[in-house]
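Here the protein sequences line up with chains Y and P, keeping their order.
Residue numbers are given in our numbering: position 77 of the first sequence equals residue 77, and the series is strictly consecutive.
Residue numbers are given in our numbering: position 20 of the second sequence equals residue 1020, and the series is strictly consecutive.
Don't read these hints as lab results, they were simulated from the structure.
Just so it is clear, the structure is predicted and the values come from calculations on it, not from any experiment.
Among the clues, some could well be false.
Cβ-Cβ distance ranges computed for the label pairs, FRET-style [claimed, not checked]:
#1 Y:Gly-36 <-> P:Glu-1045: 32 to 38 Å
#2 P:Thr-1081 <-> Y:Ile-85: 30 to 36 Å
#3 P:Arg-1082 <-> Y:Glu-125: 35 to 41 Å
#4 Y:Tyr-78 <-> P:Arg-1079: 39 to 45 Å
#5 P:Ala-1013 <-> Y:Ser-126: 48 to 54 Å
#6 P:Ser-1002 <-> Y:Lys-147: 48 to 54 Å
#7 P:Ser-1002 <-> Y:Leu-65: 33 to 39 Å
#8 Y:Glu-150 <-> P:Ile-1005: 33 to 39 Å
#9 P:Ser-1057 <-> Y:Arg-34: 50 to 56 Å
#10 Y:Leu-65 <-> P:Arg-1083: 20 to 26 Å
Ideal placement from N, C-alpha and C gives every residue a C-beta, glycine not left out.
Chain by chain, the residues run as shown.
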Amino acid sequence: MTPPIPRVVFDCVVYAQAIISDRGPAAECLERVRAGELRLIWSDYVLQEIRELPEKLPTHLRVTLERVEIFILAIAPYVEHVLHIPEIYRNPFDPDDSHYVNLAAASNARLITTRDGDLLNLMDESRPEGRDFRRRFPDLQILPPEKLLELLRQGIPD
Amino acid sequence: MSLTINLPAEAEARLAEQAKAIGVDVPTYVERILRAAASRASLDEVLKPIRDSFHESGMTEEELSDLLVKAKKAMRADRRTRRGK
Chain Y
1 MTPPIPRVVF
11 DCVVYAQAII
21 SDRGPAAECL
31 ERVRAGELRL
41 IWSDYVLQEI
51 RELPEKLPTH
61 LRVTLERVEI
71 FILAIAPYVE
81 HVLHIPEIYR
91 NPFDPDDSHY
101 VNLAAASNAR
111 LITTRDGDLL
121 NLMDESRPEG
131 RDFRRRFPDL
141 QILPPEKLLE
151 LLRQGIPD
Chain P
1001 MSLTINLPAE
1011 AEARLAEQAK
1021 AIGVDVPTYV
1031 ERILRAAASR
1041 ASLDEVLKPI
1051 RDSFHESGMT
1061 EEELSDLLVK
1071 AKKAMRADRR
1081 TRRGK
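One chain only, chain P, in its complex shape (with noise of 0.2 Å):
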């Protein structure tokens, strides 16, 4: 579905502002929050899945740090590697 939508300037000039802070277009974070409001779904239940995920595991939060800590090196060294190819 498509839709054109008439806005007020300083309305469109706040969504740029808003758009601009998640680093996305315009276009993109309307769709973006059209879509959350659809799904009527609070940000808690659209986590639930995760975090059911993360209790269920038995993971300590020292050993998710640890974890995310290896994930977020792995990740630059993956970064460097695609920026040396």
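Chain Y with its partners taken away, still in its complex shape (with noise of 0.2 Å):
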């Protein structure tokens, strides 16, 4: 029987680091999705992120909201899109990326991926925060691009 693909959140970051670099392990990550290899999920709180964050870049990145845009259309066909996210977690370290770990339990994804340390911490269970949310969350692991290509070499087990 063929194995489930593996279920994964990207933090905007990884999407504008797949935008603006096509040698990273961000950008290799979306070109595991696009092989079928992981199965993308996002939301409208991930989209407006990833719409938004151009707006802070330095402007000789040339990240405009219109290659976003075409971005976006050209993966669209290999996410699926969440609508309802019930807010069961709250993030100690940055509330706003909770919203993320809120989507990877209301889409049965057991990954996500970032390279954010507010979301990076959760998995340190020396600290009472990570251990909360282990506690909550054991099926669920936060990891960095560069992890995520480990993990899919080596097999992500079921």
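Mind assembling these two chains? They're in different frames, but the hints should get you there.
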């Protein structure tokens, strides 16, 4: 039997990094999505962050909203859009990152890929916040893009 | 230029679903598809100016990560300010 395709939530930073650099691990993660090795999940909130982030980037990088919209259009066929996301968790490090955990929980995704320490630190069980997170979401892993690629190479357990 | 297109209900439903998935209405979605088709540019071609600028900047992937995380926090601070007004 074919193993299920792992479901993953990308932080908006991962999308932005894949747009800007085609040689880094974020771009490779997105290629894995397009190759059908990962099922990507997003929401209105994630789309809003992907669209708003360029406003805060240096203009010399030339990330315009028009280019971002074309990027969204190109990857949309590979993404599952989730509409109903109950707020069951609040990230103590950055409440604005809570949505990514809630989106993963609502969509049965076991992976969140991010560069943001406020999300990555939830996996640190030496911290009380990490212990609480791991107790509540034992099957959910938060990891940077290069670790996701490593996991794909090793084979993600069911 | 404005167009009137007659579509079977099934195609219309699929377009509505796809438009919803990127958070826009059907006319906007169809306009974007047609614009992309008209430009005949692949995604890599569209993103090439951005990627060239990044490579020319000499920035590393790690530096780019840090920049993007800071930009995300700044974006959210702005959003909170707007909400507070």
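Going down the list of hints, with the structure as the test:
A beta carbon spacing of about 23 Å between Gly-36 of chain Y and Glu-1045 of chain P contradicts the range 32 to 38 Å that was offered as a hint. Look at Thr-1081 of chain P against Ile-85 of chain Y: about 24 Å separates their beta carbons, and that is not inside 30 to 36 Å. For the pair Arg-1082 of chain P and Glu-125 of chain Y, the beta carbons lie near 36 Å from each other, so the given range of 35 to 41 Å is met. A hinted range of 39 to 45 Å is violated for the C-beta pair Tyr-78 of chain Y and Arg-1079 of chain P, which are about 27 Å apart.
The supplied range of 48 to 54 Å is met by Ala-1013 of chain P and Ser-126 of chain Y, whose beta-carbon atoms lie about 51 Å from each other. The hinted range of 48 to 54 Å is satisfied by Ser-1002 of chain P and Lys-147 of chain Y, whose Cβ atoms lie roughly 49 Å apart. The beta-carbon spacing between Ser-1002 of chain P and Leu-65 of chain Y, approximately 23 Å, falls outside the hinted interval of 33 to 39 Å. Separation of Glu-150 of chain Y from Ile-1005 of chain P is about 47 Å and departs from the stated range, judged on CB atoms against 33 to 39 Å.
Checked against the hint of 50 to 56 Å, the C-beta distance between Ser-1057 of chain P and Arg-34 of chain Y comes to roughly 26 Å, which is inconsistent with it. Between Leu-65 of chain Y and Arg-1083 of chain P the Cβ separation comes to about 21 Å, which falls inside the hinted range of 20 to 26 Å.
When held up to the earlier numbered hints, the structure conflicts with 1, 2, 4, 7, 8 and 9 and fits the remainder.
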